[in-house]
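Counting in this note's numbering, the sequence shown runs from 2 upward without gaps.
Hint data in this document are derived by calculation from the structure and do not stem from the laboratory.
Since the structure is predicted, the reported quantities are computational estimates derived from the model, not experimental observations.
No residue lacks a Cβ here, since even glycine has one placed at the ideal position from N, Cα and C.
Some hints could be false.
Here are the in silico distance ranges between beta carbons for each label pair [unchecked claim]:
(1) K37 to L4: 47 to 57 Å
(2) Q85 to N64: 30 to 40 Å
(3) D108 to T84: 45 to 55 Å
(4) F14 to D40: 35 to 45 Å
(5) Q75 to D40: 17 to 27 Å
(6) R111 to Q76: 19 to 29 Å
(7) T65 to I88: 31 to 41 Å
(8) R83 to A46: 29 to 39 Å
Computed cross-link-like contacts, BS3-like style, restricted to lysine-lysine with a CA-CA straight-line distance of at most 25 Å [as the list claims (entries may be wrong)]:
(9) K89 to K112
(10) K47 to K37
(11) K36 to K47
(12) K112 to K74
(13) K7 to K31
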Amino acid sequence: MKLSYKLVIAAFFFTVIGSFIWSANHYYSKYQHEKKRADEAVQNAKSATVITNNVLQSLQIVNTVLEANQYAKQQITLESQRTQEDIKVAVADDDCASRPVPAAAADRLRKYANSLRAYSGGTVASKPDY
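Let's have the full structure, built from the sequences with the hints guiding it.
Quick look at the structure:
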């Protein structure tokens with residue numbers, strides 16, 4: 002074989018090998034890019050999961066606090082009703098039950114009732130609830 006054929010064949014093989022190397026490098030670069038995108042997507046998903054779990058935990062805590070507050074209000078209401086009944090029974094046969102309550106005592110009781118309402122989160126009434 003002539004030297005020129007050998008050079009053409011060698012050039013062809015070098016071109017084919019060069020093409021393989023370029024192609025491998027090109028697709029490896031694409032692979033690295035896609036892998037980076039996939040890793041970022043996984044990280045974003047993990048972050049979203051953590052945030053969602055924190056929000057759910059916060060809501061559970063708020064619900065627990067609200068439930069405890071509602072229970073406490075119910076207990077206060079029940080205790081108030083029991084106290085009213087006990088006072089009614091205690092003064093039923095007493096002559097003081099038919100007399101009006103002194104204005105100073107009534108004002109003091111209204112202030113105390115308003116402070117209880119304000120403490121429990123209700124609105125402060127300017128007039129008593131009859």
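A quick look at each hint next to the structure:
1. K37 to L4: 47 to 57 Å: holds (49 Å)
2. Q85 to N64: 30 to 40 Å: holds (32 Å)
3. D108 to T84: 45 to 55 Å: 19 Å Cβ-Cβ, so the 45 to 55 Å window is violated.
4. F14 to D40: 35 to 45 Å: holds (38 Å)
5. Q75 to D40: 17 to 27 Å: violated (53 Å)
6. R111 to Q76: 19 to 29 Å: holds (23 Å)
7. T65 to I88: 31 to 41 Å: holds (35 Å)
8. R83 to A46: 29 to 39 Å: Taking Cβ atoms as reference, R83 and A46 lie about 55 Å apart, which means the hint is violated.
9. K89 to K112: holds (21 Å)
10. K47 to K37: It holds: about 15 Å lies between the C-alpha atoms, which stays within 25 Å.
11. K36 to K47: Holds - the C-alpha atoms of K47 and K36 are around 17 Å apart, at most 25 Å.
12. K112 to K74: holds (19 Å)
13. K7 to K31: violated (36 Å)
Against the hints set out earlier in the document, violations occur for numbers 3, 5, 8, 13.
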